[in-house]
Amino acid sequence: MTPDVILFLILAVVAIASALGMLLSKNAVYSALYLILNLATIAVFYLLLGAPFIAMVQVTVYAGAIMVLFLFVIMLLGAEQLRRARTLGWQQPVAVVLAVVLVAEATYIIFTKTSSLPDIEAAEAGFGSPQAIGELLFNQYLLPFEITSVLLLVAMIGAIVMTRDGKKKE
Amino acid sequence: MDENIALIIEWVLKAVILAFGLITGFAYTTYYERKLLARIQIRIGPNRAGPFGLLQPAADGIKLFFKEELIPAQAYKFIFVIAPILTMVPALVILAVIPWGESFELFGRQIALSMADINVGVLYILSVASISVYGIVLAGWSSNNKYAMMGGLRSTAQMISYELALGLSFVGPLMLAGSMSMLDIVRAQQETAWYIFYQPLGALIFYIAMLAEVNRAPFDMPEAEQELAAGFHTEYSGMKFALFTMGEYVKMIAVSVIFSTLFLGGFDGPAIDRFVLLGPLYLVLKVAACLFVMIWVRATLPRLRYDRLMAFGWKLLLPAALFNIFITAVLILLFDLG
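Chain order of the listed sequences is A and B. When the letters of the first sequence are read in order and numbered with the numbering used here, they come out as residues 301 to 470. When the letters of the second sequence are read in order and numbered with the numbering used here, they come out as residues 843 to 1180.
Treat the hints as calculated values from the structure; they're not laboratory data. Cβ atoms here follow ideal geometry from the backbone N, Cα and C, with glycine treated the same way. Among the hints, erroneous ones may be present.
In the SDA-like style, the derived pairs of lysine to any residue whose C-alpha atoms are separated by at most 20 Å in a straight line are [claimed, not checked]:
| id | chain 1 | residue 1 | chain 2 | residue 2 |
| --- | --- | --- | --- | --- |
| 1 | B | Lys988 | A | Leu377 |
| 2 | B | Lys919 | A | Ile374 |
| 3 | B | Lys856 | B | Ser945 |
| 4 | A | Lys326 | B | Ile921 |
| 5 | B | Lys919 | A | Gly378 |
| 6 | B | Lys988 | A | Ala459 |
| 7 | A | Lys326 | A | Ile310 |
| 8 | B | Lys1157 | A | Ser331 |
| 9 | B | Lys919 | A | Ile457 |
| 10 | B | Lys919 | A | Leu453 |
| 11 | B | Lys988 | A | Phe372 |
| 12 | A | Lys326 | B | Phe922 |
| 13 | B | Lys988 | A | Ile374 |
| 14 | B | Lys1157 | A | Ile374 |
| 15 | A | Lys326 | B | Ala917 |
| 16 | B | Lys988 | B | Phe1083 |
| 17 | B | Lys1157 | A | Leu453 |
| 18 | B | Lys1157 | A | Ala459 |
| 19 | B | Lys1157 | A | Thr463 |
| 20 | B | Lys919 | A | Asn327 |
Short derived list, chain B residues pointing at chain A, Cβ under 10 Å [what the hints assert, rightly or not]:
| id | residue |
| --- | --- |
| 21 | Ser969 |
| 22 | Trp983 |
| 23 | Leu1120 |
Work out the full structure, taking the sequences as your base and the hints as a guide.
So, in structure tokens, the structure goes:
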């Protein structure tokens, strides 16, 4: 086994364990912490795949900014402890059934189509560098990129407008 | 294989030297701060332990080792114990991408004076900075104490707010140098001039935002003692408390190093092209100057009120940083600087 494979296996175990921890832990703060660990592990996967830019953005945006806000809200509302009352109801059995279907599908594909993966070439030099990504974003994908930025702007303005309305009613 | 082993030895040595340098730097930054504060307030300052009080940091360390460590009964113990570590680690690893000089030859090997010169260096710094808030928040939460909790929440809000201005003021030097690698940014400054001259507004915004990032006066809201006892570290004692202080000072050093690299030419200085090893010395001198201003600000300015602090960050610093980016881009296009 090459070092890459060993690293991948260790990371895979950490990623799955942290995802399970997030789902199963009773305390919302611990769930959030497991999710942070999970997101950070995925950032390392990106590094292994030769995409440092995406890895760093993953850590900054998801593991950093967004999860800090999650934690902030959990702590501010004092919502660490899960309530005993079952609010999910009928969704739980459905989730179990869907999970079983997914696992069955995955096993079927793994055991029937072993050699269907196409050969991929090694990434060229400079692949995934900030410069390469910038050039792609501003040339080939200019329109989707600009639309995304407008969407984000709309969401931002929407958030501000909603807080304003709330104040007027008081 | 020999080449690999040599590389591993080189990296380990560099990491150990950097970590020890930072921890020694921490010890003597406390001394530097106490002496300077004393000087500004017309006092004498520590002068008993050793000549000129130079052994004072060692004495403080020994004292903290023998203090009793308390863990509150209602605390979330695991988080309570790892929170100080989570504050300390980002502060130590953030400097891995900083260049301390050009490479030099030793035993027939080219040795680069930096841990890692990666093409996403600036992003690496931002991502480590965005992680570093967790230690303080978790310390506040796991103590199960309302003052600690308030301190932790304040620090989160403050650090998120000022991170934006900090990140945006990175963009100016980045556009001028045309690279995200810290080494390229320093080289570009050697060719033209230090970016504090090209980016005076950017440098000012960066400095203010970095004071808020490391929770220094006048932005030390998370530990405002009149309102919050001691803030997020109210329940900590002994070596765990020492780790928070250590984290704070190492962060001070780290942001000063980053500021010097981005705006003060990094390792640049007279005769640097002939004597490569002068690089670290120049950088240390620039960091000492940055720290001096930080301590000076602490001794001079009162703490901001919390709502004013947030308003200042969002309504003044953030628009100013955006304006700075706009102006920089226009000037680069007009005068073909990039």
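Hints, verified against the model:
1. Proximity of B:Lys988 to A:Leu377 is assessed by CA-CA distance (about 13 Å); at most 20 Å being required, the pair is judged to hold.
2. Note on B:Lys919 and A:Ile374: the hinted pairing holds, with a Cα-Cα distance of about 19 Å set against a maximum of 20 Å.
3. A threshold of 20 Å between alpha carbons decides the hint, and for B:Lys856 with B:Ser945 the separation of about 13 Å falls inside it, so the pair holds.
4. Straight-line distance between C-alpha atoms of A:Lys326 and B:Ile921 comes to about 15 Å, which keeps the hinted pair within the 20 Å bound.
5. Of the pairs offered as hints, the one joining B:Lys919 and A:Gly378 holds, with about 18 Å between alpha carbons and a cut-off of 20 Å not exceeded.
6. This hinted pair does not check out: B:Lys988 and A:Ala459 have alpha carbons roughly 29 Å apart, beyond 20 Å.
7. Restraint check: the Cα-Cα separation between A:Lys326 and A:Ile310 comes to about 26 Å, which exceeds 20 Å; the hinted pair is violated.
8. Pair hint B:Lys1157 plus A:Ser331 does not hold up; C-alpha atoms about 34 Å apart against a cutoff of 20 Å.
9. Our distance criterion of 20 Å between C-alpha atoms is broken by B:Lys919 and A:Ile457, whose separation comes to about 41 Å.
10. Of the supplied pair hints, the one linking B:Lys919 and A:Leu453 is violated, its CA atoms being roughly 42 Å apart against a limit of 20 Å.
11. Between B:Lys988 and A:Phe372 the alpha-carbon distance is near 15 Å, which keeps this suggested pair within the 20 Å criterion.
12. As the CA atoms of A:Lys326 and B:Phe922 are separated by approximately 18 Å, the hinted pair is consistent with the 20 Å bound.
13. With a C-alpha separation of about 15 Å, the suggested pairing of B:Lys988 with A:Ile374 holds against the 20 Å cut-off.
14. Among the hinted pairs, B:Lys1157 with A:Ile374 is inconsistent with the structure: their alpha-carbon atoms are about 26 Å apart, more than 20 Å.
15. Between the alpha carbons of A:Lys326 and B:Ala917 the distance comes to roughly 16 Å, so the proposed pair stays at or under 20 Å and holds.
16. The straight-line distance between the Cα atoms of B:Lys988 and B:Phe1083 is roughly 18 Å, inside the 20 Å bound, and the hint therefore holds.
17. Taken as a hint, the B:Lys1157 and A:Leu453 pair is honoured in the structure, with Cα atoms around 17 Å apart against an allowance of 20 Å.
18. Only pairs whose Cα atoms come within 20 Å are accepted, and B:Lys1157 paired with A:Ala459 is accepted, the gap being roughly 16 Å.
19. For a cut-off of 20 Å, the pair hint linking B:Lys1157 to A:Thr463 stands: about 17 Å separates their Cα positions.
20. For the given pair, B:Lys919 sits about 14 Å from A:Asn327 by alpha-carbon distance, which is consistent with the 20 Å threshold.
21. Satisfaction of the interface hint for B:Ser969 is found here, the shortest Cβ-Cβ separation to chain A being roughly 4 Å, below the 10 Å cut-off.
22. At a threshold of 10 Å, the smallest CB-CB gap from B:Trp983 to chain A is about 5 Å, leaving the interface hint in force.
23. Checking B:Leu1120 against chain A by beta carbon gives a least distance of about 31 Å; that is not within 10 Å, so the hint is violated.
Consistency with the previously given hints fails for numbers 6, 7, 8, 9, 10, 14 and 23, ordered from lowest to highest.
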